[in-house]
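K.L.:
We have chain A already, so just place chain B on it with the hints.
Line by line, the protein sequences are chains A and B. Following our numbering, the numbering of the first sequence begins with 126 at its first residue and continues without gaps. Following our numbering, the numbering of the second sequence begins with 16 at its first residue and continues without gaps.
Any given hint could turn out to be false.
[Unchecked claim] Simulated crosslink set (DSSO-like; lysine-lysine; CA at most 30 Å straight-line):
| hint | chain 1 | residue 1 | chain 2 | residue 2 |
| --- | --- | --- | --- | --- |
| 1 | B | K75 | A | K149 |
| 2 | B | K167 | A | K149 |
| 3 | B | K45 | B | K167 |
| 4 | A | K129 | B | K128 |
| 5 | B | K45 | B | K151 |
| 6 | B | K45 | A | K129 |
| 7 | A | K251 | B | K139 |
| 8 | B | K151 | A | K364 |
| 9 | A | K129 | B | K167 |
Just so you know, the hints here were simulated from the structure itself, not pulled from any lab data.
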Amino acid sequence: MTNKVQNQLDAVLPERLVLEDMVKQHILHQAHQRLDAEVVPKRLTLKPLMTAAAFVVVAGVLAVPYVEYEQQERAFQEALSEEKIQKVVVPNVSYPSLINSIYVEENNEIIHTDERGIYSYSIDTKTETVLVAPTESIEFSSVDLAANERWVIWGGHGIHILNRDTGEQNVLLEAYGSFELVGDQIIYLGLSEMPSYYVYDLNTEEKLLLHEIDGGGSFPTVTHERLAVAEEKEGDNGKSVHVSIYNIESRELMQTYTVPYESFSYLTLGDDRIYGQFSSNGDDTTLGYLDLATGKVHILDVPENSAYAIYDNYLALSVTKGESDTVKLFHLKEDTADPIKTLNGVGERLVKPRFNESGKLIVNGEGLETPLYIIDTKKLHEN
Amino acid sequence: MERHERDRMLAEAMDIHGDYLLRVVYAIVKDRAKAEDIVQEVFIQYYIHIDEFGHRSSVKTYLYRIAINHCHNLFKSWHYRKLELSHQVGELLVSFQNTEEKVMTEESSDELKRLINRLPLKYKEVIWLHYYAELKVSEVGEVLGCSVNTVKTRLARARRLVKGILKEENADD
Numbered sequence: 126m127t128n129k130v131q132n133q134l135d136a137v138l139p140e141r142l143v144l145e146d147m148v149k150q151h152i153l154h155q156a157h158q159r160l161d162a163e164v165v166p167k168r169l170t171l172k173p174l175m176t177a178a179a180f181v182v183v184a185g186v187l188a189v190p191y192v193e194y195e196q197q198e199r200a201f202q203e204a205l206s207e208e209k210i211q212k213v214v215v216p217n218v219s220y221p222s223l224i225n226s227i228y229v230e231e232n233n234e235i236i237h238t239d240e241r242g243i244y245s246y247s248i249d250t251k252t253e254t255v256l257v258a259p260t261e262s263i264e265f266s267s268v269d270l271a272a273n274e275r276w277v278i279w280g281g282h283g284i285h286i287l288n289r290d291t292g293e294q295n296v297l298l299e300a301y302g303s304f305e306l307v308g309d310q311i312i313y314l315g316l317s318e319m320p321s322y323y324v325y326d327l328n329t330e331e332k333l334l335l336h337e338i339d340g341g342g343s344f345p346t347v348t349h350e351r352l353a354v355a356e357e358k359e360g361d362n363g364k365s366v367h368v369s370i371y372n373i374e375s376r377e378l379m380q381t382y383t384v385p386y387e388s389f390s391y392l393t394l395g396d397d398r399i400y401g402q403f404s405s406n407g408d409d410t411t412l413g414y415l416d417l418a419t420g421k422v423h424i425l426d427v428p429e430n431s432a433y434a435i436y437d438n439y440l441a442l443s444v445t446k447g448e449s450d451t452v453k454l455f456h457l458k459e460d461t462a463d464p465i466k467t468l469n470g471v472g473e474r475l476v477k478p479r480f481n482e483s484g485k486l487i488v489n490g491e492g493l494e495t496p497l498y499i500i501d502t503k504k505l506h507e508n
Numbered sequence: 016m017e018r019h020e021r022d023r024m025l026a027e028a029m030d031i032h033g034d035y036l037l038r039v040v041y042a043i044v045k046d047r048a049k050a051e052d053i054v055q056e057v058f059i060q061y062y063i064h065i066d067e068f069g070h071r072s073s074v075k076t077y078l079y080r081i082a083i084n085h086c087h088n089l090f091k092s093w094h095y096r097k098l099e100l101s102h103q104v105g106e107l108l109v110s111f112q113n114t115e116e117k118v119m120t121e122e123s124s125d126e127l128k129r130l131i132n133r134l135p136l137k138y139k140e141v142i143w144l145h146y147y148a149e150l151k152v153s154e155v156g157e158v159l160g161c162s163v164n165t166v167k168t169r170l171a172r173a174r175r176l177v178k179g180i181l182k183e184e185n186a187d188d
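Just chain A, with the same shape it has in the complex (with noise of 0.2 Å):
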């Protein structure tokens, strides 16, 4: 019935657009590593005598990485119980809600999306509320979501806006693409003559031109008071990246850089510094900041990571395991990183470290609950 139209679809894909055997047993070996991930803790308490006799066949080689591992699992059980570290089970949401999902510590709640509305999950009371009404004319599991405790902002055709004390909605209509609420303001992508940052006051409605887009680059990074926008542009002496950091409520352009990278994205603004992944050539990216005090680059020695989250001096990192990845902990001293290893207790694949704005640090745990684990890092630092 529809072998012509599939035809016509085959001759838009690339040529050879197959999966391999190789990548069939590639799989099929991640699948083992994976599932065998997830119940190596509870075969080892299920079976203490098993686990003992292989502890004597095998001791010499393996007794460090295992002792190493019980005590890292024990002290995850203890952050655990004092809550230093909180896991979160939402009943009944799917993981690609829960991954996208997020944590307002004001309300303790869990803000997520399923395909037709967006809901809060209230930690304390394991009720849900519903926030924004199924309607068929949005898609919620595709669209941008942030929230605080006073807002509920989403993406789709323009920014909506859902004032959570008045229940009042709006809409940005102007907005393009990508946006970020911090406070009781929006940052997000405008279209008027040019293409251009704007920052729009929730409260008053008042909407101000921050910057002119003029080059290709990763979204800003905001606190509640500046911006900073990094722009990757071609010049006379070659690539390089040139940042501007605003002041958001005098409008003033206060500071301007030019690094001498092709690349620096993934931007999180703190006191003193501008935190971002750099590259050139096509190379690897690799961690850094640029001192907004001196103007100069440092690269993090930290391991290859995937992604990451930073607040103060702490540090996450979605690092290599095996042959896939799990978010990992550090403390930053000076430009080396140390690892707080309490997360290596997980015995699930942790993705997606993101930190709220008080420093907790929030992951999504990949194990058969599919829980969120929020850490609070100082507390877990300071034993």
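P.N.:
Just chain B, lined up with the frame of chain A:
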């Protein structure tokens, strides 16, 4: 479930659905490495959760649902947003600065490929899931979490957007 049975089910699912799943994911994310990563993750999730699967839906529908969710996640990720934002800004700048050149480039490119690739995500998904992966309209609804009527409406709009180039013989199923 015994491991060998799990292995057998995974191998069977990869043999039957692997190629088409990879192509549909590629058609949506437009990056081979990312498409392979997503397909790998889909099959690993299937393997891990095989006990809970319980045949509430067909394996095919289940796999495509996980895959589409992963595609949506990718679109929301920092990395994709960075690339996409660069792309958006680039497009906007081009539209402001060099409209004539842009039109000439478009005229020389393959019409169907251009139209398909430019479809908004919700139309692109239904086209590839229904016409290429041969999921029924009801199954597409299950994969995307929307009603049969929504899927039919999107298919109709998608066909209009590609200007009738797709030589379909029977629209519904």
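K.L.:
Confirm or reject each hint.
P.N.:
Hint-by-hint comparison with the structure:
no., hint, in the structure
1, K75(B) x K149(A), "holds (17 Å)"
2, K167(B) x K149(A), "violated (34 Å)"
3, K45(B) x K167(B), "holds (25 Å)"
4, K129(A) x K128(B), "holds (15 Å)"
5, K45(B) x K151(B), "holds (24 Å)"
6, K45(B) x K129(A), "holds (22 Å)"
7, K251(A) x K139(B), "violated (38 Å)"
8, K151(B) x K364(A), "violated (50 Å)"
9, K129(A) x K167(B), "holds (20 Å)"
The structure does not agree with the numbered hints 2, 7 and 8 stated previously, though it agrees with the rest.
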